[in-house]
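Chemist: Letter by letter, the chains look like this.
Number of protein chains: 2
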Amino acid sequence: MTARVAPEQVRTVACVGAGVIGGGWVAYFLARGYRVRAWDPAADAEARLRTLVDTAWPALTELGLAPGANRDNMTVTSELADAVSAADYVQESAPEQLDLKRRLLADIDAATPDHVVIGSSTSGYGMTEMAADAVGGHRLVVAHPFNPPYLIPLVEVVGGTRTAADVVTWTAGFLRHVGKSVIVMDQEVPGFIANRLQEALWREALHMVANGEATPAQIDASITDGPGLRWAFHGPMLTFHLAGGPGGMAHMLDHFGPSLLSPWTRLDAPELTPQLRGSVVAGTEEAAGEKTIADLVRERDRRLVDVLRVLGKVPGGS
Amino acid sequence: MTARVAPEQVRTVACVGAGVIGGGWVAYFLARGYRVRAWDPAADAEARLRTLVDTAWPALTELGLAPGANRDNMTVTSELADAVSAADYVQESAPEQLDLKRRLLADIDAATPDHVVIGSSTSGYGMTEMAADAVGGHRLVVAHPFNPPYLIPLVEVVGGTRTAADVVTWTAGFLRHVGKSVIVMDQEVPGFIANRLQEALWREALHMVANGEATPAQIDASITDGPGLRWAFHGPMLTFHLAGGPGGMAHMLDHFGPSLLSPWTRLDAPELTPQLRGSVVAGTEEAAGEKTIADLVRERDRRLVDVLRVLGKVPGGS
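Taken in sequence, the protein lines are chains A and B. Using our numbering, read the first sequence as starting at 1 and increasing by one per residue. Using our numbering, read the second sequence as starting at 1001 and increasing by one per residue.
To be clear, the hints were calculated from the coordinates, so they are not data collected in a lab. Check the hints yourself; a few may be wrong.
Said to hold, decoys possible - Capping the alpha-carbon separation at 27 Å, the derived lysine-lysine pairs in DSS-like fashion look like this:
id, chain 1, residue 1, chain 2, residue 2
1, A, K313, B, K1291
2, B, K1291, A, K291
3, B, K1313, A, K313
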């Protein structure tokens, strides 16, 4: 068995599945200077993929291409083995169907050299269930990106029960090296983290439309002109850390905790036990690091001004 | 009864309650060139309020002050009647306690000239229950801002059963004139729109912390480096309109609809009936307006590049 190449020595990436997500990965890896070998069973896969890469390229160019980045570094092949056999890393982005993922991951595993890590873009399945048919379950890992993968930094990395710990570490290291913002999860949870949060919001939105409480346009405006402006730089925890004034998250939970019992959404809240309160306060303070509430308020205001200006959302006034 | 002044003729605004939200309103109205009369029962209210306005002023200055805007246009008084009797509009931002709001709104109503509209910053109560003790229920209306009110444009406007239709219209007109992004809701729903969506996400986040599925820092990173980057300009509806490729929201619902049954969050989804599917597709297409999916993809990429650059989230690369 050949030793795994170091994350910074990866030169060739195979992208299996070249739809919106897989094609987005192709564009990203090309922009970071990699050779990409892509496979997709669709007859017009290559044409669609080239269009997708061309669409993404201006944005990637504006953010700055890595040395040697070139759209010509892409090879599209109709043989799966031809795509993965020479790769230092494989990213699977097939449609979100469990049977299909299972079969495909087993096929990829069979055709890929033993030392190569295989990541899956699945948006919600755990690797334990997806790896069921694959021999090499130890090197199969979830690496879940967000749309468009060529611009959104987040990738959630989590293994299944058979995934080797060093495979999780290697994947996180490689994707960070490539410029991604990586969250390594300790346990498999359906939907991982961001999709669970996003899905809760989305389901509440669907309930509101179903009940005639809000239109799709109102739902979108309520986010883009409201909390969405903060979420690009402060997550829900830091946001509420600032909502309580100088007392921070502790004051916020003690003060607004009762609103968890309010019918403000269809999702019941957990009981705010002293333990949960402690975890949220400690974790938020750890996330805030050295920054005081006053620092965070200044940071929030500076970034909000930047975001408002760059998006043209400056108050018109009288 | 004196006639209501036109929205563009308002000169003096009373802000009742000068904490984080009320003080934020004060700063915003001052920056838009209004005279502000503020009342708060706290002994150190004036000092805290001046600090809050001073903290907000640099950001407001950078976004552009209205002609005549001046921090000296603020008067802090210890008499409620003194604050509201000369106002053309009253914004109440007292702590979120129903009894307190009821009593205070009745007091404000009694001390404010008949023709003046009184808005409440409540983050979740309906005006029907808050106006219970007030004589002038017809001119009481919810005008719910987001923190910080001096930078976040959104204000949700919704009346109670006694609120006059023209009061809702006037309030929306005045706040739009002042530079706010206003959503007028047809019916009272606890938490209105944005807080319901935000609260669903927040509750799912608390469940994840309670179950050891994610830390507060992971939750924040999953939003700020993931979907939060899009939500500053495309809401959940337009986001999913783009997730399905050229087929848009219709394709997305038909394709990913089954994931509504997945355990991706603790909130159950509504049944995706043909009627709900129709409302979501039609409403999203209306929100998209003339823009094709390709237009929206270009818009998304351009804005994502702008937001990533202004926040310094550019991939480091190798």
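Chemist: Take the C-alpha atoms of K313 of chain A and K1291 of chain B, compute the straight-line distance between them, and say whether it is at most 27 Å.
Modeler: holds, 19 Å
Chemist: Tell me if the straight-line CA distance from K1313 of chain B to K313 of chain A falls inside 27 Å.
Modeler: With a Cα-Cα distance of about 21 Å, the restraint between K1313 of chain B and K313 of chain A holds, given a limit of 27 Å.
Chemist: Is the hinted pair K1291 of chain B and K291 of chain A satisfied, with a Cα-Cα distance of at most 27 Å?
Modeler: Measuring from Cα to Cα gives roughly 42 Å; hence the hint is violated.
The structure fails hint 2 only (numbered hints given earlier).
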